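Student: Protein chains in written order, with the numbering used here: chain A, 1 to 327; chain B, 1 to 323; chain C, 1 to 415.
All the given hints hold, so there is nothing to weed out.
Listed next, the in silico SDA-like pairs over lysine to any residue satisfying Cα-Cα at most 25 Å (straight line): (1) Lys203/C - Trp22/C; (2) Lys225/A - Arg199/A; (3) Lys251/A - Asp150/C; (4) Lys203/B - Pro57/A.
Which bits of chain A does chain B cover? Going by a derived footprint, with three or more residues having C-beta under 8 Å, they are: (5) 72–79; (6) 101–110.
Read the hints as simulated data drawn from the structure, not as lab findings.
Predicted model only: the values in this text are computed from it and were never measured.
C-beta: ideal position from N, C-alpha, C; glycine also.
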Amino acid sequence: MPELTYREAVRDALSQAMRQDDDVFVMGEDIAEMGGSMGVTHGMLDEFGPERVRNTPISEMALAGAAIGAALQGMRPVAEVMYEDFMTLASEQIVNQAAKHRYMSGGQLTVPVVFRTQGGAGWSPGAQHAQQLEAWFVHIPGLKVVFASTPEDVRGLLWSSIYDDNPVVFFEHRTLYPLKGEVPDEIEPIPLGKARVHREGEDVTVIATGRLVHESLKAAAEAEKEGVSVEVVDPRTLQPLDEEALVASVKKTNRAVVAHEAVTRMGYGAEVAAVLQYQAFDWLDAPIERVGAKFSPLPFAPVMEQFVVPHADDVLAAIYRTVNKKA
Amino acid sequence: MAKVEHRTSLAKSDLPDVLREMLLIRRFEEKVEERFRAGELPGFLHVAIGQEACAVGVCRALEDGDVIASTHRAHGHTLAKGTHPNELMAELYGRQEGCSHGYGGSMHLYDVERGNMGANAVVGGGLPQIAGAALAFKLRGEPRVAVAFFGDGATNIGTFHEALNLAQLWQVPAVFVLEDNHWAESTPESQHSPIRDLSDRAKAFGMKALKADGQDVEAVYKTARKALDHARSGEGPVFVHLDCVRLHGHYIGDPQVYRDKDEARRLAETRDPIALLREKVGLSDADFEEMDAEVTEIVEASVEFAKNGTEPAPEDALKNIYA
Amino acid sequence: MATQVILPRLGQGMESGTIVKWLKSEGERVEKGEPLFELDTDKVTQEVEAETSGVLLRIAVAEGEVPVGETVAFIGEEGEDVPAASARGDAPAKAEAEPEPEPGPEREQAPEAAAESEPAQRDDFRAAISNGRVKASPLARRIARERGVDLRAVRGTGPDGRIVAEDVERAEAGAAPAAAPAPAAPAGPPAEVESRPLSNVRKTIARRLTQAWTVPAFMLTVQIDMTRANALVAGQRELHPDVRITLTDLLTKLSAQALMRHPDMNVQFAGDALLAFPSADVGIAVAAPAGLVVPVVRGAERLTIAQIAQVRADLVGRARDGKLRAEDLDGGTFTISNLGMYDVDQFVAVLNPPQASILAVGAARDTVVPRNGELEIVPLLTVTLTCDHRAVDGAVGAEFLKTLKAFLEDPGLAL
Numbered sequence: 001m002p003e004l005t006y007r008e009a010v011r012d013a014l015s016q017a018m019r020q021d022d023d024v025f026v027m028g029e030d031i032a033e034m035g036g037s038m039g040v041t042h043g044m045l046d047e048f049g050p051e052r053v054r055n056t057p058i059s060e061m062a063l064a065g066a067a068i069g070a071a072l073q074g075m076r077p078v079a080e081v082m083y084e085d086f087m088t089l090a091s092e093q094i095v096n097q098a099a100k101h102r103y104m105s106g107g108q109l110t111v112p113v114v115f116r117t118q119g120g121a122g123w124s125p126g127a128q129h130a131q132q133l134e135a136w137f138v139h140i141p142g143l144k145v146v147f148a149s150t151p152e153d154v155r156g157l158l159w160s161s162i163y164d165d166n167p168v169v170f171f172e173h174r175t176l177y178p179l180k181g182e183v184p185d186e187i188e189p190i191p192l193g194k195a196r197v198h199r200e201g202e203d204v205t206v207i208a209t210g211r212l213v214h215e216s217l218k219a220a221a222e223a224e225k226e227g228v229s230v231e232v233v234d235p236r237t238l239q240p241l242d243e244e245a246l247v248a249s250v251k252k253t254n255r256a257v258v259a260h261e262a263v264t265r266m267g268y269g270a271e272v273a274a275v276l277q278y279q280a281f282d283w284l285d286a287p288i289e290r291v292g293a294k295f296s297p298l299p300f301a302p303v304m305e306q307f308v309v310p311h312a313d314d315v316l317a318a319i320y321r322t323v324n325k326k327a
Numbered sequence: 001m002a003k004v005e006h007r008t009s010l011a012k013s014d015l016p017d018v019l020r021e022m023l024l025i026r027r028f029e030e031k032v033e034e035r036f037r038a039g040e041l042p043g044f045l046h047v048a049i050g051q052e053a054c055a056v057g058v059c060r061a062l063e064d065g066d067v068i069a070s071t072h073r074a075h076g077h078t079l080a081k082g083t084h085p086n087e088l089m090a091e092l093y094g095r096q097e098g099c100s101h102g103y104g105g106s107m108h109l110y111d112v113e114r115g116n117m118g119a120n121a122v123v124g125g126g127l128p129q130i131a132g133a134a135l136a137f138k139l140r141g142e143p144r145v146a147v148a149f150f151g152d153g154a155t156n157i158g159t160f161h162e163a164l165n166l167a168q169l170w171q172v173p174a175v176f177v178l179e180d181n182h183w184a185e186s187t188p189e190s191q192h193s194p195i196r197d198l199s200d201r202a203k204a205f206g207m208k209a210l211k212a213d214g215q216d217v218e219a220v221y222k223t224a225r226k227a228l229d230h231a232r233s234g235e236g237p238v239f240v241h242l243d244c245v246r247l248h249g250h251y252i253g254d255p256q257v258y259r260d261k262d263e264a265r266r267l268a269e270t271r272d273p274i275a276l277l278r279e280k281v282g283l284s285d286a287d288f289e290e291m292d293a294e295v296t297e298i299v300e301a302s303v304e305f306a307k308n309g310t311e312p313a314p315e316d317a318l319k320n321i322y323a
Numbered sequence: 001m002a003t004q005v006i007l008p009r010l011g012q013g014m015e016s017g018t019i020v021k022w023l024k025s026e027g028e029r030v031e032k033g034e035p036l037f038e039l040d041t042d043k044v045t046q047e048v049e050a051e052t053s054g055v056l057l058r059i060a061v062a063e064g065e066v067p068v069g070e071t072v073a074f075i076g077e078e079g080e081d082v083p084a085a086s087a088r089g090d091a092p093a094k095a096e097a098e099p100e101p102e103p104g105p106e107r108e109q110a111p112e113a114a115a116e117s118e119p120a121q122r123d124d125f126r127a128a129i130s131n132g133r134v135k136a137s138p139l140a141r142r143i144a145r146e147r148g149v150d151l152r153a154v155r156g157t158g159p160d161g162r163i164v165a166e167d168v169e170r171a172e173a174g175a176a177p178a179a180a181p182a183p184a185a186p187a188g189p190p191a192e193v194e195s196r197p198l199s200n201v202r203k204t205i206a207r208r209l210t211q212a213w214t215v216p217a218f219m220l221t222v223q224i225d226m227t228r229a230n231a232l233v234a235g236q237r238e239l240h241p242d243v244r245i246t247l248t249d250l251l252t253k254l255s256a257q258a259l260m261r262h263p264d265m266n267v268q269f270a271g272d273a274l275l276a277f278p279s280a281d282v283g284i285a286v287a288a289p290a291g292l293v294v295p296v297v298r299g300a301e302r303l304t305i306a307q308i309a310q311v312r313a314d315l316v317g318r319a320r321d322g323k324l325r326a327e328d329l330d331g332g333t334f335t336i337s338n339l340g341m342y343d344v345d346q347f348v349a350v351l352n353p354p355q356a357s358i359l360a361v362g363a364a365r366d367t368v369v370p371r372n373g374e375l376e377i378v379p380l381l382t383v384t385l386t387c388d389h390r391a392v393d394g395a396v397g398a399e400f401l402k403t404l405k406a407f408l409e410d411p412g413l414a415l
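Take the sequences, apply the hints, and build the full model.
Tutor: In structure tokens, the structure reads:
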């Protein structure tokens, strides 16, 4: 199996879709000559030309809206919103328009558009360039929301997102772009709404997304040394959520930790915890633990930034709390 | 896809038909006002009484395959784009037979088959999507044009500026139709815009701008035709500025405390597009009454159709959320 | 704070109960242990006692079906405020789209008053008892509920002394099952069964018997010479003139002895396991006014015939009065259904799952039988044993029946 970085895997999905299908094109700020601020579309201009690797002005509402308009005419645009923080600018078009057209038209329209965006702390950009805003979008009926954590997943999920007839908000994590991983020779579409068990365990289930999948795997390895067996599950698609897989895992282990980089309070993990307590109440042997960022904007100074966002140690501590073990 | 006939102006012989269409829209909206006041229609409704010439003039100029995005004041655009009054009225009554199957309502009228990509209740909300639809036509090499309707109030919102900028930058086949009735809800233009000629907004983007009297349907048609030809030929988007009047309030039931009582009366006497066209056509009282009776009957029938329509099941609310 | 009166779970598998009537009125003083209301469960109608003393401030559910764990009343001090919101509102609503393969969240009866009255030796476990509520994880509660473990007697090792699943399992492995709660003092008139033709009892009978009918069963019939058995009963009556000893008591005793000899018969069928019982708990089918009930004589192998007669008389009496408690009906592996007094010769009884077998007893008939070349008249009893074939094989049933016949024909063998 070939090895790709997470960045290359995203590019591969985009390029392969564009090669086989004239209706697929990408648009976004600085994505052409510059190859995108994260280098994801690097080299694609040469292959596909400026019409299909389309630079846009710094104009998120128009960028998002134009992608929606093209999708309403049957194309499958992939719009890159440079930072998740800027999704707030695009969100009128995503929330009021993309998510609602099918509904308001009584089923006449489909909106096959993907909004790719990325975020994530760990490089001290301060408060406006690294937020994790997935909780904003999972709350909107009509949107699907994906957050991939490995090269294989990001490629297979992006492929499925491009070919889904619904608007998909596709989150990537900045610090994962250099991550290498094996991918199948051919793209294998990963159905939206299917979780992935990264590691099986008996005592605690950690449900993690994005970077926290990797932090949780580190924590699980540590816990194992202490005799605590940890299962790590990545929902991968946040909406629709694979409740069945999460509940099954927790019914097996009787304990759960939900981990994401976004702010804990009112976060995505709260919904996961609610699903678990309702569907697996009689199987829970400990309160569900949540791991996420402290309730703070992201600070600039590296020591403060590291303090605010969660790491493997935080996941490990939460794991130990569920089994009442001193760290 | 292109029409067989291709005219740059309306033929004299077409004018009675145009008048009839405008009168149908007028009677339809008067009926909507009446039924709303009677408590039969739910929701938030806005009529475009006085602006019929804009809707009919522009839509008459469209080719099959062209698409429009409308506003919260959408009944006229929807009828002019070819949706049957029955389907429109059924939508206003929240019936399954409605043009949005009861999911949309007055502010979200769709008829995708007829190129109506939807009325939008967020002011300016449809404009970027019209730029995007036009981009799709351009990328696919299709001779189609995407048309956005919006009012003067929308010229202050970000989507307007971003969409015009993008459309002009990319030279996509879009036409932006400003129906300038000089009111943003209750706020007069003098309070919402620092410039007096809103065509200047388009000029800021280097976009071709055309102006017409929005109460004169012939002028509207001619201007729209010109704009559409320009866009269709790949020469870039066009801004069409129609100077028009809103004879009624912002919404049905609006007491219009902000407006001089005599203004609407004066405008109704001097600038009613239907009266102006009737005079031009030279229709006799008898002929006009006959036409009126005919469209009134259609409107009455649409109410009957809507009332006899099927109410959706409450749980239908959970359908059509995802494809 | 007023104390909530919660609809208690009174037996395994009980999900709800129907409040028949209140025995106290709002504003009335009630002492802990006094009967508070009458509850119709799917097994019995019984009185539920107050678990705390005070004034019955408010009755939240006057009558009707209530899920276990729901607040039905408040007891507190005169003039105390009670929550205004309906007690029924706190059950979580089920989301429409949610699949529902598992039963919804169940609540445990909060043993507030009981916990407070625990003797001093329970002090060790106080960590897990907070404000009168045992602190235990939902999983621990479920396991305790399923296995009949009293959480008040379990030491919690979780955070803040919370009882977790492992603690329950440890307690169950190490300790004898918790003692059954003290019996309720009988009080108040019996329920008006006639006015409730679709009582839960009747519904349960219908449901259980329909279930039972689907069990693959086989029947074995033998005839038993009752000469010596009848003499033994007569002798016992002379010995205990104040106890009314019947043939059923002897059958109970000897069946229990036979069950102890054939442990493979002394089982319940539990789906994916057979539950083998250490003692012989024998059910006795009783035709109560509200319908058939099967109270259980526990440890019958250790009781004398006279003791069995006393226990039976109590159970039958309470069954007829509708005063059986849930624990009177739980358990058992084997039931005796005696229709001899109705002059029935012979019949086949329907199983009482999860019990593995049931014995149908007819009337003894004087019958001419050839014996040693001569004709003798002996009282012959026909019994038919119905066995759950999933739990018991034919040979096992036949062996058991052979032993029972031998015991009845020569009771000395049972010693």
